[in-house]
Amino acid sequence: MKKISIDPITRLEGHGKIDIFLDDEGNVANAYMVIPELRGFEKFAEGRPVEEMPRITPRICGVCPEAHHMASAKACDAVYHVELPPTGKKLRELLYSAFYVADHSLHFYVLAAPDFVLGPDAPPAERNILGIVHKIGVELGSKILRWHALGMEIVGMLGGKTIHPVGALPGGVSKAINEEERAQIEEWGHELVEFGQFSLQLFHDVVLENQGYVDMILSDPFTTPMYYMGLVDENNKVNFYDGKVRVVDPEGNEFVKYAPDEYLDVLSERVEPWTYLKFPYLKEVGWKGLVTGMDSGVYQATPLSRLNAADGMATPQAQEAYEQFYETLGGKPVHNTLATHWARLVELLYSAERIVELATDPQITDPNVRTIPTETPDEGVGIVEAPRGTLTHHYITDEKGIVQKCNLIVGTTNNYAPISISVKKAAQAVIKGGQVSEGLLNRVEMAFRSYDPCMACATHTLPGHMPLEVRIRDAEGNLLDVLQKNME
Amino acid sequence: MATLIIDGQEVHAEEGQTILEVARENGIEIPTLCSHPLLEPYGACRLCTVEVIRRGRSKLQTSCTHPAWDGLEVKTRSPAVIEARKTILELMLSRCPNVPVIQDLAREYGVTEPPFPAEDPDEKCILCGLCVRTCHELVKADVLHFAESGVERKVGPPFMEKTRQCIGCGACTIMCPTGAIEILLEDAEVYKEKPLGPTSAIWVPSMQAVPRVPVIDMDACIRFRQNDRTNGEIVDACGACQMLCEADAVNFEQEDEIIELDVGAIVVATGFEMWDPVQLSQYSYGRSPNIITGMEFERLSNAGGITGGEILTAEGKKPERVAIIHCVGSRDHNAHPYCSRICCMYSLKQAHLVRDKTDAEVYEFYMDMRTFGKAYEEFYERIQEEDVTFVRGRGAEVDVLPDGKLRVKGEDADLGRMVHADVDMVVLSTAIEAPHDADQVASLFGLSRSEDGFFAEAHPKLRPVETNTEGVFLAGTAQGPKDVPDTVGHAGAAASMTLALLDKGEVTISPQVAVVDEKLCSACKTCISLCPYTAISFIEEDNVARVNEALCKGCGTCVAACPAGAITARHFTDRQILAQIEGLFRLPAEETEAEAAVEVSVAEAEGVRS
Amino acid sequence: MTDNGKLKLGLYWAASCGGCEIAIVELREKILDLDAAADILFWPCAMDFKYKDVEAMPDGHMDVVLFNGAIRTSENEEMAHLLRKKSKVLVAFGSCAHEGCIPGLANLYTRQAVFERAYLETPSTENPDGILPQTSYQVPEGEIEIPYFYNTVKTLGQVEDVDYFVPGCPPQAPQIWAVVEAILGGNLPPKGSVVGANEKTVCDECKYNREEKHVKKFYRPHEIIPEDRCLFDQGIICAGPATRGGCGALCTNVGMPCRGCYGPAPNVVDQGAALLSAVASVVDADTEDEAAHIVGEIVDPVGTFYRFGLPASLLHRTKLE
Amino acid sequence: MNGTDFEPRIVGFLCNWCTYSAADTAGVSRLEQPPNVDIIRVMCTGRVDPVFVLKAFREGADGVIVSGCHPPGDCHYGEGNYKTFRRMPLLEALLQQYGIEEERFHWGWISGAEAPKWAQLVRDFTEQVRELGPLNWKRELESKED
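Chains as they are written, first to last, in the working numbering: chain A, 1 to 488; chain B, 489 to 1098; chain C, 1099 to 1419; chain D, 1420 to 1565.
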């Protein structure tokens, strides 16, 4: 029996390692995606004033702090039973849409694109955002950086800080916007719509035009049917900020649709001794281990699953892209993991369009953006759709609004099981007879990179690292060979 | 200026003077009952009748009403005059046979028996109307009037009934020549004479005081009472004292006033208060007028007191036995634990006074005789020789016996048994204590007070007149019980400290002040409102807070509050204090004997000061 | 410097949320200048370099390592020691490495309490057998190790010798760039200094007008809609006065009180104590009862005054039994 | 370590004008008091920055005393002690959240005239802390932090 550790898994926000065990023939016996940390936000949230949670929980993840900020603020609204002024709600969604543009572009260009633009086998030293810039040229590169920046600018304008914003609190937001700011946002919004289209075009040119990639996307190792989760509005269109959570089964039929405060009826989490991260699953279907399909409660919550779980997009251009997406990949639901990148870009376009919609809403400059809570606080659940999956915050407070209990089911956590499964499939596909190469291992990484897993989020952990090496041992555990991941 | 002749003597008169006035000025006696210098002449009693000769024609006239014209000749004792007065007195005596004044006068004029039988032998009023004029002109109460006419004529309030108009000032009783009016002490607010207190509305609190200035008791004074009663309608009632004062020193407008002074130093000499012996019921103070405090005894034996310095009991008799009890309220854990330091000596002096002014036996109940001052012990010995009986032991209790005598009980430590003495007068040598409002004075001047309640000096041995507040000094009993010599010495010291301070013309401030590091001050303005001395001001142009070192007293409150760590307390910096704490724990834990610990904290503290 | 004269730079995250990494991305177009000026030898978040490469480096090989994240596990600490060895200048980058940050609030509890909450109590957890993660576990195919989870979150400075501290959660881009320029220009302050921040506090950068403070009642942020003046003056607890400036007062800019992520002012030993003292000092009460009542309304003192600095505070954590 | 052989280490922050002089008088008057309290003199309790108290506990104190002049009026600086009674209750709440028993922290007023009261406080507080046993923050941190 041999063990391979891929660690650190790079270009993922947060931290994980993969232990691959080879049998005597050198084929993959099993692969474990190990999350080596935990932070215990759920514990130290206890005793904190609940209105501070929107400022505390973003530190779960600096990549998607806005998601935690919003989920937390919504949970606070529920705790205080307070109704937001319409403009307060719209400003939150505006901030959130801007964040989506920034975050999706970040993931696509900084984390995912190197695998496609530069190729999985490109030298590691170049396989990064800077490499991309070098390849596509500084001018275009800085243009992309600017687009990403615009999203962040809007977040900063509304939330104070671009990373870990502070503007949302129980009952609304702290700051209204004036006409000048509105106009600025609208202008940028149009630019970002253009960016969305550009990115889809880029994906089309670089990936879909490249048969090798298309084959890889459609290949079996990267195809895993399972349950799909996503937040939808009253018309079952994709929504990130508000609505109900919809789950469809591997055949695409609605399995359940639940309101935030019903999440405990639908979800359970599984603890394994070899990792700090828990595995959520659909209670009703049950935990059958790390397997997928109709009978396994394993589901995913990703851009792909959101598209699968919805009936379409709420904005025209995104709707077009949505339809083209399913045309190309042969109808709903799509099970191809790598298609998630494409789905992400469809969402990016939607978010950009949504920015323009909200920026042109006549109510958006209304100064009334906050309701002072008057009800006695007790319990509340807040759900938003984080870029990396459905995000649930659940607080129970005393009558002074001090958190007594806190439960969090965080974006990537939803995808822990699918990621593990994808990783195992990929490993089994690419590692044969103990033959391991850096390129192969990078393909294994690609299997989960498409989920854009954010382990910072997932484990509410603070990541760390172990030596990366592939240790090949015999059945007695004697070291036969040591391979470095990035061998030249 | 008129010139006239009275009884053959040439006299001069001012314009508007009456013959009576001129005669009196020149020592010529003319009897009268109804005239009073404060009131208009009225000529009611007619006793002042004289013979007035003008242009050769002679006439009998009342001298109190007749102007002293130029060229008049007046005879005050001519046969005609004597005859007239005799007749008048016969009639008076017939009306008021039992009034001493009238009896004396009548006798003088040879009238021994009233010619007519008296209708009412108790009649005293001669209807002179002096009271009516007093009530009208002076008191302005207009209570008394003449009623009826002819033989029925009489004086009294309207319908002879009680009236609220009467303020019970008693002026009429004082004026009435025949004592015909008496005041009935019902609900009228009569001015009651205090046992050892003032005897009239204007009085001299201390006859030996220099200057010996009288004061007006506004609650008793007719003028002020009328003013209050009528809400200022009658403002000029009475004023007798003013009219009579030749120095024209009486000023009814005088009032307390607040005077503001800018000073460079303050001497607090607020003195002491006598402790009230009512608080210890065993001494029965207040249950008999003959149980008095040392202070009251002083008043009693004061030449200016109501007894003119005679030592008398409330019954007005010389006491036969007097007891003096020491340490009443002093050296007593039910009152003041401290020694009042003056009682022993004044008790001895009072014993001496009693022996000197009466031949009463004196019993001194004392615990210890504290005769610490110069020549005090000698005085003590002298008193012992004046065969005063000294009982060593606290006077435990005073009982008021049914016959009004007083029984003092106490333990005689020398005999080792309880003793008692029945006496006519008990003098309680009561404690002195800090004034009741000492706390307000303390916070006003930032003084602290010692356990006994008196103000605390900066150092019990080395700085006895200074306080912890710069420029504020203590003098006398404000700092603690003292006798006169000590007080004078203490006050002298305070005065010279003050002069030393003022003379320098500048003050040395302590170096323990707060300073703002303006590089770090971020204008949060947290400190501004914290300074009790408003030493921190915010400098808008530089956008920083700044400490005025002359005003800063170095308490360090702002330092502890400054969230930016921008304020430092010189000589008490955070670094120094944190270093002290670390220093404490650098010691091996077992070495926590007092010495070690103290050494360290002292050493560290020294480090801080140097 | 490398032979091409470029600075040899390493970026690493220990126990952090990743925000500091994104903050680097927030350099935006400047990241290209950074690329031009420095060779990034190690940046797990964005680049495929491995621990092995670091281990292979000669000691002091990297000119500068920007280390973000706190020390939560044995593994974090190992990395701290390794990177100290391999770098000439080790920089504690961001609030976590600087003073422990919000995850440091875990120091209010113990490892045991955290585990029980996360793996046993939480209502969505289905764990009848009471399974807890093991640092070493035998799966059928072999052994899997995960790092040891400490009782206490520590700062980088508490486990390694640190040259410079860059505060902020996260450090703001202009400040990061200022630090980078300082590094490139080689004009760095004395060792142990805080860089990329101001001497003055947040108030100095805050847009609001401040007056003398007399607070009769403290409000929690959601309880009132503040007027357009100093929030602290209005009774909303704001850490601005006790917090190093440099962030640009971004939170108060949108009407939310500062929570202190830039850490204590230069001369302040303990940020929480300084803030507590200031807050209590301006209470407008002249009797003990009134004062006790007013400050009694303040909930969660530790969580409020040490929101970002509990591990770096004098006491580090709550009492351990 | 049990009550008998455990000698508490207590740090007292005393105001110069009231409690420090009371402690001075207590010493001069030879009033009986255990040697467990180490005194640090400050001009006014208003100078007592909460950080001093935290530092004392951090360095190993088993108990801390802050004592000054009686409010109102006694304070040499008028209202220095007002700041103390505004700060200390909040500090008390903080310490309790840290898990430091309230019996380990005493703050109050002893005037210069109350030397016996000081001696009594030292006796009582020392016993009270002895009952609780050692706190010894520094050692606990080093030994149990991991």
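Everything labelled a hint here was simulated from the structure, so no lab data went into it.
Since the model is a prediction, treat every value here as computed from it, not as a measurement.
One or more hints might be untrue.
[Unchecked claim] DSBU-like mimics (lysine-lysine), calculated; alpha carbons at most 30 Å apart, straight line:
# : chain 1 : residue 1 : chain 2 : residue 2
1 : A       : LYS89     : A       : LYS288
2 : A       : LYS405    : C       : LYS1104
3 : B       : LYS805    : B       : LYS845
4 : D       : LYS1557   : C       : LYS1305
5 : A       : LYS432    : A       : LYS288
6 : A       : LYS143    : C       : LYS1186
7 : C       : LYS1128   : A       : LYS135
Do the hints match the structure? See the list:
Proximity of LYS89 (chain A) to LYS288 (chain A) is assessed by CA-CA distance (about 40 Å); at most 30 Å being required, the pair is judged violated. Restraint check: the Cα-Cα separation between LYS405 (chain A) and LYS1104 (chain C) comes to about 51 Å, which exceeds 30 Å; the hinted pair is violated. The hinted pair formed by LYS805 (chain B) and LYS845 (chain B) meets the criterion: a straight-line CA distance of about 13 Å does not exceed 30 Å. Between LYS1557 (chain D) and LYS1305 (chain C) the alpha-carbon distance is near 42 Å, which puts this suggested pair outside the 30 Å criterion.
For the hint linking LYS432 (chain A) to LYS288 (chain A), the alpha-carbon distance of about 27 Å falls within 30 Å, and the restraint holds. With a C-alpha separation of about 35 Å, the suggested pairing of LYS143 (chain A) with LYS1186 (chain C) is violated against the 30 Å cut-off. Between LYS1128 (chain C) and LYS135 (chain A), the direct Cα distance comes to roughly 18 Å. Compliance with the 30 Å bound is thereby established for this hinted pair.
In summary, the numbered hints that this structure violates are 1, 2, 4, 6.
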